[in-house]
Structures are given as structure tokens and as C-alpha cells.
Amino acid sequence: MKRFTSVNDVNNLSALVQEAIQLKKNPYQHKHLGQNKVLGLIFMNPSLRTRLSTQRAAMNLGMNVIVMDINKDGWKLETREGVIMDGDAAEHVKDAVAVMGQYCDIIGVRAFPLLQNKEEDYAENVINQFIKYAGVPIISLESTTLHPLQSFADLLTITEYKKTAKPKVVLTWAPHPKALPQAVPNSFAEWMSAADVDFVITHPEGYELDKKYTWNAKIEYDQNKAFEGAEFIYAKNWSSYHHYGQILSKDRHWTVSAEKMKLTDNAYFMHCLPVRRNVVVNDEVIDSPNSIVIPLAGNRLWAAQTVLKKILEG
Amino acid sequence: MKRFTSVNDVNNLSALVQEAIQLKKNPYQHKHLGQNKVLGLIFMNPSLRTRLSTQRAAMNLGMNVIVMDINKDGWKLETREGVIMDGDAAEHVKDAVAVMGQYCDIIGVRAFPLLQNKEEDYAENVINQFIKYAGVPIISLESTTLHPLQSFADLLTITEYKKTAKPKVVLTWAPHPKALPQAVPNSFAEWMSAADVDFVITHPEGYELDKKYTWNAKIEYDQNKAFEGAEFIYAKNWSSYHHYGQILSKDRHWTVSAEKMKLTDNAYFMHCLPVRRNVVVNDEVIDSPNSIVIPLAGNRLWAAQTVLKKILEG
Amino acid sequence: MKRFTSVNDVNNLSALVQEAIQLKKNPYQHKHLGQNKVLGLIFMNPSLRTRLSTQRAAMNLGMNVIVMDINKDGWKLETREGVIMDGDAAEHVKDAVAVMGQYCDIIGVRAFPLLQNKEEDYAENVINQFIKYAGVPIISLESTTLHPLQSFADLLTITEYKKTAKPKVVLTWAPHPKALPQAVPNSFAEWMSAADVDFVITHPEGYELDKKYTWNAKIEYDQNKAFEGAEFIYAKNWSSYHHYGQILSKDRHWTVSAEKMKLTDNAYFMHCLPVRRNVVVNDEVIDSPNSIVIPLAGNRLWAAQTVLKKILEG
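Protein chains in written order, with my numbering: chain G, 1 to 314; chain A, 1 to 314; chain Z, 1 to 314.
Looking at chain G on its own, in the form it has when it is part of the complex (with noise of 0.2 Å):
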């Protein structure tokens, strides 16, 4: 593996899953692969699954970890091409990055949309930055538009708990006071769509992803009916990406309830976390012998794992 950005980066969907699953069962047995190997995680922004598990990962393979919050720790990036820098910004970020391509074998870097300007967001600018200038293998620890570590350790959790052969998996949006990125929902619905799986996606109208990520899922607006036989619920709140940005909806009636939970086939309870209690879904569902969040937090170790490791291996 070269790069790990999106589900394209993945040769055999499967596979990797596969060699998550024997991973978990023996973490150590790869630890000369990380041998005189630094991992560089360069935050633009809070983080503490992927922070702990990323750094977990990496030193279950003999890497040295270096983190380093950007914004705080280093000098406010400029990422526009050509500019007369005589502005806040001390130094370009082709230039930060390909230093650091100088000191870290594999970087991963995690960058948020700002949610004002869906071109500049959907451009992915930042890591894009980061592939052409590092000279070392990248891994997206979020950025705008994907979130593919979350991802993985969604199937792979989905592939662990799953009780028939092709699961009926329904994605729906739930309520939220902020405005949220599109990354994990577009993220999901990208592996979701190249697994084995039935997908649904349910939200109110004018919550629709891009259609580059959703083209294989069946898209519901009513959230009982999606929810119908679903043995996987996956909750999330984003912001509208048509509107884009826009809180178009804070309607509580979308919460995930026991009462909901009730008309699934005893589905599962998924979230990737941090998540709003009682806003995105009530304590009666998370707090349930079907919820799955926190075995689901804890494969993120085992997905950013196995990614370290296809990428040591080359």
C-alpha cells in the first residue's frame, strides 16, 4: 500500500479486513517491520480516538511516534499557491510538509473543512498537499471530505458482529447543535457501497451526500421504514452538503430511540464518536447491550494497524 486516503487506496476490500481480523488476535508478531521507523501525526485539529489509537498502532509495531499539533505547536500554514506571504501565515505548507518528509517515514494528518466554501473543501487541498510534497506515504487521519480509518474499523466491526451473509446496514442522520463535516457519512457510504453489504442511507430532504460516494445506497426519508430489518444501526449528524454548511435541521424526532431500535431486527447500535447524548441518540440505546460504540472505538487500534503495516511492507 502506498497511500491510505480513501477506499481506492484499498486493492482487496476483504483481505484487508481479513488481516485486521488475524491482527487482533497476535498484535506483536510484526514489530521488526517498525524497526528505525518514526510515524510523524500531524493534528490541525482535536482528536482523541484516532490520536490514541493511530499512536497504539504504531508502537505495536516497533514505530517511534511523533505528534505535533500544527496550529499549536509549529507556524500558521499558508496553502495557497503563489501568494505574496505577508500576511499571519509564516510558512507555506509545501514547504512544511516536505520537511517533514525528511525526518518521518509515513505521515498522517488529519484536516478539517472549514464548511464556508464546498469547491475549496471538496478539493482536499491540504492532503492533497501532503501527497505531492511529503515523498512518504500519507494516511488521512480525517480530512475534509473522508474519514477512511473510521471507515475500516466500521466493516470490520460490521463483518465481526453480522449475523447473516449480506446485512441490511442503515446510515441515518441524526440531530446535532453544530454544523459537522461531511467526512465520516461520505466516508461510510464509500466502503459501505464496496463491501457485501444491503445500504441504506435515511435523512431529512436536503441532507443528500455527494453522489460520487452514495451511488450504490438506496436513499429513504422515512426514517421508520429505513430502519425496517436493519441489523445495523450507524448514527451521525452532518451538515447539508447541497446547502452546504447549512444546519437545515435539528429535529429531535430523528434521535435514535429505544422505541426505533424496536423496529429493527434487533439491530446493532453504531456511532463513531465523540457523540451528543440524548441529542444524537438517547442513553437508553447506548447505554444498551446492542450498542457496539466502544468494541467499534477499539477496532480504530486494529484498522490503523493494519494500514501501518500494508504501508511498512510497501
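By construction, these hints were calculated from the structure, which means they are not laboratory data.
Heads up, some of the hints might be wrong.
[As the list claims (entries may be wrong)] Under 8 Å between C-beta atoms, here's a sample of chain Z residues computed to sit facing chain A:
id, residue
1, G74
2, M85
3, Y103
This structure is a prediction, so every number in the text was calculated from the model and none was measured.
Backbone N, C-alpha and C fix where the C-beta goes; we use that ideal spot for every residue, glycine too.
Position chains A and Z relative to chain G; hints supplied.
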């Protein structure tokens, strides 16, 4: 050892101190214990000694360490139960903690009190949620009411420096411009009460600590009288427990001076640091040969390493 | 080597450069040297290259690393002697440093000048207190007046790229929107004066550096004339030393352009980074094949590793 949050988590106090003394002589002999183990250090407040000494302790044992300043690097945490999370907090502490437990083998956490509500602070809500939800052993890096790693280093230092079998140890309040927690004096009292010392606390009236910790101490309101015959003077400011979080006095007569030290039996001077020079203690005392504040800080390493070793051993 | 804060800490400069060249060919052969050793990196200011390259250097030598942004992670430090500490600062730098020395085998520290008082800045108060109180070897990660790890990398790069035995090396001032320290040009002058090069400094009048560092340099106020026959152009902005900390000029005629580079002997372009593109240097120059800013940044790793190795060897 299953956790380390109080002297009550210690089975045999004098054996623990002896183990630290042995470890100090041969610091790297237990590196196999930490192999493939990760310590997570979660800070909600500033830290110098605890941050550095606990990292070094883990490294000496062959562990990997992940440090996280949760409020800066992660998401703002909700700590109340059952609340509708539509405010600032993006994640509930119980979800964050359960996730951390997926990636770390031991977790240390620092959470200072707000000093506004005694009942809330003394309920130890944060560290108790770590104990309840992490699923792995928890080490206090200073909680709202106790600082056991400091107290262990205090006792280790007294054991090393004492000239008599049962030395007189005096904890003296000292002035300070800001309202400080009671964690260090509570914890010192808890540990001294469990140790074989003649323990005296001196402070202005109104600064009485929670009797839960000082049950075995003699309280002496006359600082001069308290200092007579002392072998160790341990200075520390704290805000009032009874008039909770208030500063009742900034009286510089309580500052530890060379003149006051003359009343003692050539006592050693101790303080946990950081210390306000010429407010808590005069330069002439802290810079004198009788000051053992730096070796005391050095013993933080051996206290932390002994605790980690005991937990790794199960 | 006992410390690394200036070229004066180096016994044999050309031998040091040769050692770096050898290390670069075989980076992992000295991992035994760092076993059970901990490097503490203390930052009072932002850092990208120094932060990452010094961590990597220590890892290549088998050391563990602890990084601390002291003003964010720890306590505000007092630096004056004998003061009554009842203000903002919670800890005296001499206590903090003595404590760090208890946990670290080598300490690196970065402390920028405030550029308000020349005597205070040039007294090097912070790094001198580290040297005095830490009890372990100190490495400058850029002090108020010098940046020796950068200068070592500069000299290493010139040694690798030079086409003549004694190349003409030109340090040119360039415009910048903010007042910057003199540490990089001071240090570059100090190292070039100790090396076997034909060294010229060019800058507008009023930007003369401290003669202590430039005693062996030719000063040329005409930038075009200075560039003639140059084999290396090293661009850098600094604020005035004589009109201390002031910006006397923002004249864009001093920006390094392709036209100016034509005056040279096909010179290599160098800058320590971060660099303001199209203010200090035009894109056409820094993106040209003659730009060696990225390999120069890469050499920061080998400079740091050579220094750490020499200190570990004693």
C-alpha cells in the same frame, strides 16, 4: 496493585517504600514488565513534575507512553449523568474513558478541583468515572482531593533522610496569592497518619483540613511552637476547607524563614513544588543545605516507577 | 562534548562535520548509546524543524524523548533573582530546571528573545540558568542570540554542495513583515567565521550585527555587488541590532529574485525556514533546481544526531 488513588490502595506501606529504595539502586532491571504495554497520561490541568517523572518511570520499565492534554487536544467533556448534550461539551467523560481503555494498559489522570462546591469536588467525580469506565488500572496524577504520587515521594524522602526512628514531621500552612486545592495537604496527612512518624499540622484558625485525613495528626495553631524539635518542615499553602475554597489569610508571618527554621532540630525543608519563593518560603531557606526539595522532586520518579511496577505485576 | 550552545562548544569543527557525514550513511549503528537515556525537549516558543528533527535524532540513537511546551503544559516561570513571587509566575526557572534535571539525561531548550531590551536578551538568562541548575548537558534549540543546530546543518550542507575548496558564501538580509531575532544570522556568522569559506554579509545600513559574531566577515551594503561570484546565497531577515528589535526597512528590492541569482556563480539558494515566499525570496528561486532548502532542513536531523552522540559519549 489494582489502582493507585490513595494510601488505602497500598497493602503494605513500609514494604512499598523499601521497594522504591531498591528500585532506585537498579532502575532498569524490570524493563521486561513494560514490554508491549502502553501508559496513557491524561491531563486536564498543568503539570511539570508529574508529567516528566511519570513518563520517565514508564520508560524505565520499558513501557510506551501516550500523553494527552484532553481539553486542548481532544473534545470538551460532559461529566453529568443523563443530560441532553446540546451545549459546549462534545463528548461524555464516560465514553471518552471507555475508549481510552481500549488503547491503554494503564491510565493516569489529573483533574484539579474548581474550589467552588465542596460536595462536588469531594465526590471525586472525574477519577471515579475513570475507575468505573476505563476497564484498566487507574493512577491518580492528582485528583480533586488527593495527590498520592507526591505523598509516596514525600514518605520515601523522609525515610531516606530521617535521623531518628520516629521523626517529628510538621506540615505548615504558608501564605499564597491564589486559592489552592487541599489535595497535597490532605494526601500528606493521609500518608503521614499511616506511617511511623510524630505528625503535627500547623495553620491559622479556619484552615482545618477534612478530619477524614487528619484524624491521626496533632493540630497546633502556634507555628513557632509546632516547629520546636521538628526534624522535617513540610510547607504548603491551601485554601480553606470549611469556608470552601476561600483565602482567609495572606499573613507573611507564616512564611518559612531562616529564623523559624532555627526553632527546629536542624530540620530538613520540604515542599512539593512549584513554590512561590519569598512568599511560601524565603530564598535563604529553600537555597540552604537543609533544603531537600530537589531530591524530593527526584523521588517522584521512583514513586511513580514503583507504582507502575506493582500494577504491571498485577 | 559537555554542552552545545555555540560553535565555541566544538573542539574540532571539521571533524564534527565529517562525523555528521559518516552518521548520515549509517544512522542506526549507535543505538546502544541511547539505551535507558531520556532527552527532554523544552519549548518556550513554536518549532517545527527543531522539534521533529531532534526527536528523530534521539530515536535513531535509541533514546526516549519527552517533549514539553512549558508555557502551555506547565507553570508560568519567574526568571529574575530574589523576587517576591506574588504575581503571575508560579515557579522559578531555577527550580523548574533543577527538577527537569532529575528526570532527563540531556535537556534541549528553546527560548526566543522578546526584542525589547538588548542587554537582557544578550545576557542569555534562560539558557544560562538551564546550564547552571540542570546538572545535565544542555543543548540550545535556539536561544535568544544563537541557533547552533541550524548553523551546524548549514555548514554540513555547504560542505556537501561546495564546488570549490573555499567557496564564497553570502548571507543576505531580506525583507519581512515582522521583527525577527538575530539568532540565526549571528550563529551563521559565528560558524562561517570558524569555517574555511570566503564569507560576505550584505544588508541595508542600520542592520549591522553584533561584531562579536561578524568579526571575520566582509560587510557589503550593495546586495548586487555581494552576489557577484557567490557559490551560496543564504537569505534571512533579522531586526536591527543597534536600533534594537526595530524594523528599519521592508524594501522589496532586497527580496532574492531570479534576476539577482543570475549575478552569482550559479549559486545554491539556502534559507533556514520557515520562509515567507515572495517576500524573502521569490517562488522562482526557492522552487528552482538550485534551491537546497529541503536537503538543508533534512541535515538538521544529522546535525542533531551528531551532537547527541557526542554528548552521550561524554
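To see whether the hints hold, each was checked on the structure:
no.	hint	in the structure
1	G74	holds, 4 Å
2	M85	holds, 4 Å
3	Y103	holds, 4 Å
Comparing the model with each numbered hint stated earlier shows that all of them hold.
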